[in-house]
Each structure stands twice: as structure tokens, then as C-alpha cells.
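Number of protein chains: 2
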Amino acid sequence: MSQAIPDRVTAAVLIIGDEILSGRTQDTNLRDIARYLGVLGVDVAEARTVPDVLEEIVEALNALRARHDYVVTTGGIGPTHDDITADAVAAAFGVELIEHPEIIAMLEARFGDQLNAARRRMARVPVGADLVKNPVQGPPGFTIGNVFTLAGVPQIMRGMLEDVGPRLRGGRPTVSRTVRVEGAGEGQIAAPLEGVAKAHPDMSLGSYPFFTPEGYGSNLVVRARDPEALAGVVQELIAALAAAGIAQAREVE
Amino acid sequence: MSQAIPDRVTAAVLIIGDEILSGRTQDTNLRDIARYLGVLGVDVAEARTVPDVLEEIVEALNALRARHDYVVTTGGIGPTHDDITADAVAAAFGVELIEHPEIIAMLEARFGDQLNAARRRMARVPVGADLVKNPVQGPPGFTIGNVFTLAGVPQIMRGMLEDVGPRLRGGRPTVSRTVRVEGAGEGQIAAPLEGVAKAHPDMSLGSYPFFTPEGYGSNLVVRARDPEALAGVVQELIAALAAAGIAQAREVE
Chain R
1 MSQAIPDRVT AAVLIIGDEI LSGRTQDTNL RDIARYLGVL GVDVAEARTV
51 PDVLEEIVEA LNALRARHDY VVTTGGIGPT HDDITADAVA AAFGVELIEH
101 PEIIAMLEAR FGDQLNAARR RMARVPVGAD LVKNPVQGPP GFTIGNVFTL
151 AGVPQIMRGM LEDVGPRLRG GRPTVSRTVR VEGAGEGQIA APLEGVAKAH
201 PDMSLGSYPF FTPEGYGSNL VVRARDPEAL AGVVQELIAA LAAAGIAQAR
251 EVE
Chain Y
1 MSQAIPDRVT AAVLIIGDEI LSGRTQDTNL RDIARYLGVL GVDVAEARTV
51 PDVLEEIVEA LNALRARHDY VVTTGGIGPT HDDITADAVA AAFGVELIEH
101 PEIIAMLEAR FGDQLNAARR RMARVPVGAD LVKNPVQGPP GFTIGNVFTL
151 AGVPQIMRGM LEDVGPRLRG GRPTVSRTVR VEGAGEGQIA APLEGVAKAH
201 PDMSLGSYPF FTPEGYGSNL VVRARDPEAL AGVVQELIAA LAAAGIAQAR
251 EVE
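Going down the list, the sequences are from chains R and Y.
Counting from 1, one number per residue, gives the positions in the first sequence under UniProt numbering.
Counting from 1, one number per residue, gives the positions in the second sequence under UniProt numbering.
These are calculated hints, taken from the structure and not from any lab test.
Everything numeric in this text was worked out from a predicted model, so none of it was measured.
Careful: at least some of the hints might be erroneous.
One copy or two, either will do: identical chains are not told apart, so a pair holds if it fits within one copy or between any two.
25 Å max Cα-Cα, derived SDA-like pairs, lysine to any residue [to be verified]: (1) K133 <-> A242; (2) K198 <-> P154; (3) K198 <-> R177; (4) K198 <-> V136; (5) K198 <-> D87; (6) K133 <-> A109; (7) K133 <-> D163; (8) K198 <-> Q248.
Please model the complete structure; the sequences and the hints are all you need to start from.
Quick look at the structure:
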């Protein structure tokens, strides 16, 4: 029996920065944004990573903001010449950049007569943008249309997210439960798992194998919007695995 | 004086899997692929992460393979119902899927009469594909056109990469050097950094700030294809920083 699914609210993440594409820096912002938004009922449905090249940021941003309810960008809002995200967001929306008076006031309070041209770059936001608070350090992010532009440094990005959440129209949050299978590979698990997945098209069932010196197996993750239905499907999955000869399946945290 | 730059060879990475977009799993494959290809002179120039949805994989794959010399995909080649990467690659190239006789032979040797329908899924490759060796465990990946389809499990993906490298037409590798600045923020660094960057348009100069309990500063990374020219620019950058009153700049590993 299929269930009524509330309209899905989706977001895309746009990661901006040569350092991610060169492999120098390990991105963790996608994971953190996905978890934060997921709790609010907003599913990250797509992500892209682009270099510090204006045209490429603009193209990706325009593609993503047309396809999703929200877009979160990270990176490229500092004072150096390679920080061109504000320019790209303004270009994508076809508006000018201005120096935001609140940010200028913050920068003046902090830097006084050391407020040079580079630091003033951080005050530039697209016309019509609102600020996103930065509770960590440095200047704020901004939001225009359905786009939120945040810092790239993970601890600052996470701080800014706290001012993004309250502005989102959330869907119903997805909840997940995990069944851990030990001593059986995906080749054995696939048939019972697929049977349960096909019976519940409103849920997402995935299999994530692990291999350790101590043994192998797979974590089966069931995601759904209805916690009660989810609990039933977890039991159904464990029973289906048992019927296929896989007794070592148990729910884990 | 600008230098002759050899044709840039670029690759895109396509990460496939709901578990990355939900934030459940931290991707590390992009970084590993970028580093591996970078050494071979192939720059990862773009990355996308898509869910386990056939149409979305096909669309992203067709966009990326048209724009870049190579595409590397990770994830979705196991035996379970959510593993649909082979289907998507075949659809993108407009060819059928077949059971590859070499993979079937491997699976028969391993599983004997336990070779069920789910496990046979792992033998499916697009018509015209060549295999990519898997030195770790499990079935191989495959390659068709300019696309390499690898496993999602990081240790297996890395093993498969070793059979990708020899097939690539590499560019000239990019080398990088890092100048670490302590006790100065990006607002001070920006002007001298930009001056050096503008004088060397054939190089990439980026600034990556850090904030620790012990202090703050930024790592300035210079990337270029000519190691000798790069060494000169590192010295030029340190001198430009010193001229701007930033004495605490030194090259680090």
C-alpha cells in the first residue's frame, strides 16, 4: 500500500574552489549541509563542485537554482582575488554588486583605518540580498532568491547554517534506520532487499557494504518520512533476510 | 612573460549514490581521484554528485563526457537493486548491456552454484566496454568511450584507479608549492597576493585561511606546470608579502 508523500523539498549544494578539485582539501561541507537540511525535511538532491572561474560558477548556479527549491553555495567569499562567488551570484541573478552598509560598519568597527580594498571586497553583496549571520568570525554570508551563499571554511559554514534553517520551508523530515548484516555479501542480500524495496516504493533502501579485518557484511539503510511505517519495514526486512538464510541481521544505531 | 602552456587535459568526477547526498557517508573519492590524476597531468575540472536515479545519472554523464577529456564515475556497480550505474552508462551511450564472459567466468569460479541473479548483475557491462581491473576484491569496473566506471568503496576504487592511469593521455603534471603565512589575515595578504597572481596568469594562486587555538593565518598555494618558474614565483610572493609588512611567510611542505 503506498502512502501519501508530502511534496518533497529539495536543495542543491554548490561547492566552489580549486582546492577541492585539486584534491588538496577534503570537502566536508556537503555532508554537513546534507545532514543539517535533512533534519529540517529538505533533501539535498544534487551537488556540484566547480573551480574559481566566474562563468562556471554562474552556469552551475543557474542550472541548480532552476531545478531545486534551494541552493547552498560554499566557498569564495573571502577578501582575496580568487574569491569571486559574490560576483558570480550577482551575475547569475543579473544584478549589480553593492557594498552592504551593515558589513562596512562591521569591518570599520573591526579594522578602523586598516580597512583596505581587499577587506572591503568582503562587504560586496548582490543588490537585493539579505545577510546570513556569521556567529563564528568574519563577515556574514548572504541570500538572494533561493540561493544561500556561505563561507567555505567548515566551522564558519556550520555557524552560518544556523541562520539558514529558520528561513527554509521544510518538508517532512526523513528518518532512517539501519540493519547491519554480518557474514553475508551483497550477492546474497540483494534478492530479499529488492523484494522489500519493491513493496515500498515510497521508501529508500540502500546497501552499503563493509570489509574489515574482522569480517564483512553490509549496512542496509531504510529511509522514509513516516517513522511508524519505517519501523514496520525494518522488521519486514529482517524477516525477509532470515527467510533467505541470513540470520545475522540486526538493527543498529 | 607568459609561458607556453601545453593543452590542458581535464577530467570530471561523477559520484553516484543517495548515501553521499543524505550526508550518511563522507565522500573521499573525489579527493583521491583528483590527486591521482593530478600527478598524471590530468586536472579534475568539475565534479557532480547525483542520486541513484537513472535519468539523473544519464543526464550528468552526458553533460560531463561532452565537456571533458575523461569522466570517472564511482558507485553503483554492486549487485543490489540500487546499483544502476551500468544501466545508466549503457543508456548514455545508447548501447545494450551484456553479461561480460570474463566476469561471468570470475563469478562462476568464486561462487559456483551460488551464482544467483543478483551476483550476475555485477557481470553486466555496456556493449563495447573494456574491463578495468579490480586488484582488491569483487568484480572489475569497465570503460567505454572516455568514461571509466569504478566502484564506490574507497579502497576498491583506489585499486581500480591503478588500471586507469596507464590508459590516459596525460598533460604535463601540475606541481604546487605552499607558502604559510602566520599572524596575518587574508585582508592583509590579498593585495600582495593579487599582484603576484596578475603577473603570472599561467599559474594558479589560492589563499586558504586557517584559524586554530594557537593562531591564525593562511596557506598560499601556487600551482603551475613549470617547476622552475614555480620556484621563482614562490620567492617573488614571499618578497611581495614582506614588502607589504608580512614577515612571517615561509615555504612549507
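25 Å Cα threshold - placement of V136 relative to K198: neither (46 Å within a copy, 32 Å between copies)
Within, between, both or neither, where K198 and D87 count as close if Cα-Cα is 25 Å or less: Between. Shortest inter-copy distance 18 Å satisfies the 25 Å Cα cut-off; intra-copy 46 Å does not.
Same-copy or cross-copy closeness of K133 to D163 [CA-CA at most 25 Å]: This pair counts as within: shortest intra-copy Cα distance 6 Å, inter-copy 47 Å.
Copy assignment of K133 with A242, given that the CA separation must stay at most 25 Å: Neither: 51 Å inside a copy, 34 Å across copies.
Homo-oligomer pair classification [P154, K198; C-alpha up to 25 Å]: neither (38 Å within a copy, 28 Å between copies)
Same-copy or cross-copy closeness of K198 to R177 [CA-CA at most 25 Å]: Answer is within: at 18 Å inside a copy they meet the 25 Å cutoff, but 52 Å across does not.
Identical-chain pair category, K133 with A109, by Cα at 25 Å: Result: close within a single copy only, 17 Å intra versus 60 Å inter.
Intra- versus inter-subunit Cα pairing at 25 Å for K198 with Q248: within (23 Å within a copy, 62 Å between copies)
In terms of the numbered hints stated before, the structure departs from hints 1, 2 and 4, listed from lowest to highest.
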